[in-house]
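Residue numbers are given in my numbering: position 40 of the sequence shown equals residue 40, and the series is strictly consecutive.
Hints may be right or wrong, so weigh each one.
[To be verified] Dumping the calculated SDA-like pairs for lysine to any residue here, alpha-carbon to alpha-carbon at most 20 Å:
{"#": "1", "residue 1": "K314", "residue 2": "V391"}
{"#": "2", "residue 1": "K314", "residue 2": "S261"}
{"#": "3", "residue 1": "K314", "residue 2": "W250"}
{"#": "4", "residue 1": "K314", "residue 2": "L383"}
{"#": "5", "residue 1": "K314", "residue 2": "G387"}
{"#": "6", "residue 1": "K314", "residue 2": "P304"}
{"#": "7", "residue 1": "K314", "residue 2": "M269"}
{"#": "8", "residue 1": "K314", "residue 2": "L254"}
{"#": "9", "residue 1": "K314", "residue 2": "A390"}
{"#": "10", "residue 1": "K314", "residue 2": "L255"}
{"#": "11", "residue 1": "K314", "residue 2": "Y253"}
{"#": "12", "residue 1": "K314", "residue 2": "A256"}
{"#": "13", "residue 1": "K314", "residue 2": "Y252"}
{"#": "14", "residue 1": "K314", "residue 2": "F265"}
{"#": "15", "residue 1": "K314", "residue 2": "V257"}
{"#": "16", "residue 1": "K314", "residue 2": "A251"}
{"#": "17", "residue 1": "K314", "residue 2": "A324"}
{"#": "18", "residue 1": "K314", "residue 2": "A325"}
{"#": "19", "residue 1": "K314", "residue 2": "N259"}
{"#": "20", "residue 1": "K314", "residue 2": "V385"}
{"#": "21", "residue 1": "K314", "residue 2": "G384"}
{"#": "22", "residue 1": "K314", "residue 2": "V267"}
{"#": "23", "residue 1": "K314", "residue 2": "I268"}
{"#": "24", "residue 1": "K314", "residue 2": "V264"}
{"#": "25", "residue 1": "K314", "residue 2": "R386"}
{"#": "26", "residue 1": "K314", "residue 2": "N247"}
{"#": "27", "residue 1": "K314", "residue 2": "L258"}
[Unchecked claim] Now the in silico label distances, taken between C-beta atoms and shown as ranges:
{"#": "28", "residue 1": "A102", "residue 2": "R195", "range": "27 to 35 Å"}
{"#": "29", "residue 1": "K314", "residue 2": "N247", "range": "18 to 26 Å"}
{"#": "30", "residue 1": "T109", "residue 2": "L317", "range": "44 to 52 Å"}
{"#": "31", "residue 1": "G111", "residue 2": "N259", "range": "37 to 45 Å"}
{"#": "32", "residue 1": "Y79", "residue 2": "L224", "range": "22 to 30 Å"}
{"#": "33", "residue 1": "P80", "residue 2": "L143", "range": "20 to 28 Å"}
{"#": "34", "residue 1": "A325", "residue 2": "L104", "range": "44 to 52 Å"}
{"#": "35", "residue 1": "L394", "residue 2": "P370", "range": "15 to 23 Å"}
{"#": "36", "residue 1": "R195", "residue 2": "A322", "range": "43 to 51 Å"}
{"#": "37", "residue 1": "L224", "residue 2": "P370", "range": "22 to 30 Å"}
{"#": "38", "residue 1": "L383", "residue 2": "L404", "range": "22 to 30 Å"}
{"#": "39", "residue 1": "P80", "residue 2": "L104", "range": "36 to 44 Å"}
Derived from the structure by calculation, the hints contain no laboratory data. Heads up, the beta-carbon is just placed ideally off N, CA and C, and yes, glycines get one too.
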Amino acid sequence: MTASIQTSKAQKCASSDLRLLVGSECASLSGSAVSSVATPTLAVLQLHATTSQVATLAFLGQLPNALVAMPAGALSDRYPKRPQMIGADIAAAAVLATIPAAALGGILTIGQLYAVAIVLGVAKIAHGAAAIGYLPVLVEPHLLQRANSRLGAASSVADSAGSNMGAALISSVGAARSVIADVLSYLVSALLVWRIRTPEPVATRPDGRRSLARDIREGLHYVLGQPTIRTVIAALSTLSFGLAIMNTYWAYYLLAVLNVSPTVFGVIMGIGGAGSLAGALLAPRIASRIGIGPTIIVGFAVSPVAQVPLLLAKPGLRWDIALAAALAAQLFWATASGTSQRSLRQILCDPRFQGRMQAASTTVTAGARPLAAAAAGTLVLVLGVRGTLAVGTLFTVVPLVLLLFSPVRSLRDMPTPPARTAVPPAREGSS
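Can you make the complete structure from the sequences, with help from the hints?
The structure is reproduced here in structure tokens:
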């Protein structure tokens, strides 16, 4: 009787702590959506930044993904994750607070925005590397899919709400003051993580000093030795490359070539966001009905198919409707697939390597985007905008081929998590 009472209390604690984690992620994401609108507005309208300076600002914001993700992942596997998440949120709040302070004093410069972009990017990477390894601590393996679904749905709502809130705040209080909303969001996120009480397993580390480089190499060796995990990450990186080629000129293509009005463009984006939200909410139900592997593969398969209306489109309302429907379908399945593959990776990955596994994914996926943007700039000179979009579409077929010839194809149920003791990488899925 006593054991059942203790189990019930533990389950209630875990459920409460999961809500706190979801709330933390929503708070920081909604605030970041405000800053993603406010910072470029500040650069262009107040600091009169050139096009090259705006491009540099965007580049520096993405740079930490390629340079810092692996060290951040190694650190998250070395030390307790909750303090790292709290510290990253506080650092993000502190660096963002310098923007309205400098603007109030009349000393804000584009150089300061560059520095903020770099520090903020590092803080986000540190938080994210710890968070993905912390979720399996809060929920049982069989509940990971549902937990990731809740996180995905809440994130979709928070991102959309934050973008709308950012536009409203900029028009009412100005771009610099609107950044205060992001400062507060990170402080709220830190407070919510601080309130989590589920104990975190103590990481077992070998005796003696260990260099960070050795931990990184060990993490990469582990990921490369996991057939399912490495294939999913490879698929994600090639999909990211193809979509990044397309995204370079996607908005331009709709607005300048297809003559879509800004209002209709916003409606198309809104319908796509609704599809993403629906995909996050229905991901567990879809996976239970058709299987975890097919859910992931269908998500990757829909992406190139959804680009066909884009490549064939002409100006007109009928094509606007087709583009909105295609985007909604793409984001629906992309989110359902993303929730499923993230849960699969978390379950298959040894707890000691959770941070480094996610860091490897972030590094190759985000690192592909600047290369894709450069490739798109070259392709457009030869093939034009529509031809460049077609090349990007062809790249999105590659990850589908990788998955069809991988262990993911045969997965119907979530596999059994590996034991916490050391298991050679080649043994994945053998139990």
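These are the hints, each one checked on the structure:
no.	hint	in the structure
1	K314 to V391	holds (19 Å)
2	K314 to S261	holds (14 Å)
3	K314 to W250	holds (14 Å)
4	K314 to L383	holds (18 Å)
5	K314 to G387	holds (15 Å)
6	K314 to P304	holds (19 Å)
7	K314 to M269	holds (18 Å)
8	K314 to L254	holds (10 Å)
9	K314 to A390	holds (15 Å)
10	K314 to L255	holds (12 Å)
11	K314 to Y253	holds (11 Å)
12	K314 to A256	holds (12 Å)
13	K314 to Y252	holds (14 Å)
14	K314 to F265	holds (14 Å)
15	K314 to V257	holds (8 Å)
16	K314 to A251	holds (15 Å)
17	K314 to A324	holds (14 Å)
18	K314 to A325	holds (15 Å)
19	K314 to N259	holds (9 Å)
20	K314 to V385	holds (14 Å)
21	K314 to G384	holds (16 Å)
22	K314 to V267	holds (18 Å)
23	K314 to I268	holds (15 Å)
24	K314 to V264	holds (14 Å)
25	K314 to R386	holds (11 Å)
26	K314 to N247	holds (19 Å)
27	K314 to L258	holds (6 Å)
28	A102 to R195: 27 to 35 Å	holds (32 Å)
29	K314 to N247: 18 to 26 Å	holds (21 Å)
30	T109 to L317: 44 to 52 Å	holds (45 Å)
31	G111 to N259: 37 to 45 Å	holds (38 Å)
32	Y79 to L224: 22 to 30 Å	holds (24 Å)
33	P80 to L143: 20 to 28 Å	holds (22 Å)
34	A325 to L104: 44 to 52 Å	holds (46 Å)
35	L394 to P370: 15 to 23 Å	holds (20 Å)
36	R195 to A322: 43 to 51 Å	holds (47 Å)
37	L224 to P370: 22 to 30 Å	holds (23 Å)
38	L383 to L404: 22 to 30 Å	holds (28 Å)
39	P80 to L104: 36 to 44 Å	holds (37 Å)
The structure fails none of the hints (numbered hints given earlier).
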